[in-house]
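K.L.:
Which chain is which? The protein sequence lines are A and B, in order. Just so we're aligned, residue 1 is where the first sequence starts under full-length UniProt numbering, counting upward by one. Just so we're aligned, residue 1 is where the second sequence starts under full-length UniProt numbering, counting upward by one.
Treat the hints as calculated values from the structure; they're not laboratory data. From a predicted model like this one, the values you see are computed outputs, not experimental measurements. Keep in mind that the hints are not guaranteed to be accurate.
[As the list claims (entries may be wrong)] Which stretches of chain B does chain A cover? Using the computed rule of at least three CB atoms under 8 angstroms from a CB of chain A, they are:
1. 11-25
2. 47-56
3. 183-195
Ideal placement from N, C-alpha and C gives every residue a C-beta, glycine not left out.
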Amino acid sequence: MGGREATMVLMDENGKRCDGRTVDEPRRIMIKAGGLKNADGSAYIEFGDNKILVGVFGPRDVHPKHMSNTDTGILRVRYHMEPFSVGERKNPAPSRREIEISKVIKEALEPAVMLDKFPRTAVDVFIEVLQADGGTRCAALTAASVALADAGIPMRDMVAAIAAGKVADTVILDVNNEEDQAGQADMPIGYMPNLEKITLLQLDGVLTPEEYKKCVQVGVDGCKLVYELQKKALNDKYFGNSGD
Amino acid sequence: MADRRKYVIPGDVVTTGPFRPEQNVILDGNKIISTTIGISEIYDDSVRVIPLTGKYIPKINDLVIGKVNSHTSLSWELDINSCYVGFLPAQDVFGRDFSAHADELATKLKTGDLVAARIANFDRTRDPLVSISDRDLGKIDSGDLVEISPSKVPRLIGKKGSMIQMIEEATDAAITIGQNGWVVVSCESPEGLLKAKKAIQMVNEQAHVANLTDQVKEMLDKKGES
């Protein structure tokens, strides 16, 4: 993705990052539950400059029929980036990257969603990235989890996600696009805060064992912050502002 | 709100201790965790969550309103607002002497017709079997269909039918509530019909609000004066 300055300073002498944040400060996050009338459940998230819309349908009939499972329901996730979501127009056809992200989001949601209650059905999650700015998979996973809860799909826990990483030899929270491109490591983490279980952990880059542990810890703490916003979004929609 | 009832979202710990998990909760160690958005209720020995969203899951003996989707030579397929399709066998309508050759299913029920039916059989392995061989069941000839969330049906009925009785009395409407969230309202006067539909929508939108009965009553009374 063009436009990156080769000489960009990712961390200044005061410990401030290229967008002015401190090392453990996430970007501005806004989550809204609902919004799509024709979907069973939906959510919209703004995560820094990322803008992502998620629609959930189901449980519903499986087509094609041979994909159905007589023991349990199936979860299908489609992560898609709009052609206008990035600087240079993207081909609307699913890319290798989008297929991979669809898969990792599906696998990150599966431990939370209780599909065994709906044998022979499917739950479809459609993720549309309207504007991308690094960390879309975490933002998409966070919003998908809210949309699933909004659809009333039984879940063991919510899944909150954020990326930790390393730039200028420092472990940071919430890697943005510049830091992702020019930084040393990027570690997206999906986490179930009440069950205290990690459902997604990827790592791109090189970390020492100590840095790895620190990254996981920073990421998990970040997920807890994201979870509070997920809770707020659902409380706002269903209980006004009076949610406990 | 009292301690026994609180708002929960998936993953929230409703309570801990030796309780029996009932609807929409799971047991994790000694914690009882909600699996859906709703209002938790703690009884003497059990815990449950009344959901505020979600699809209809058929239960045997439920009264549902179905919409005829299509038919084969032996049965009709009904849309019952669920993740499963309801099957209404032709024998149920034509009687025991039904013959697949002689009887044409479309003469009795056509695509788009509404049917009040009861879930006769349902388990994990099969689609729900519905039946109309009972009193007050069968094709619905008149009335307007109102769709609400299936999870809000208990609220619309109210304690011992208090809410629905109140709406029926105030508007002179006849209301058939399907457990699947489809409600048929019929009323001779257009104003009554409008008022009843508005009251049902109001319950649907504000199901979580305390003393909703009073608010609906107020709305019904106010409209009556104007």
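K.L.:
For every hint, state whether the structure bears it out.
P.N.:
Cross-check of the supplied hints:
no.: 1; hint: 11-25; result: holds (count 4)
no.: 2; hint: 47-56; result: holds (count 5)
no.: 3; hint: 183-195; result: violated (count 0)
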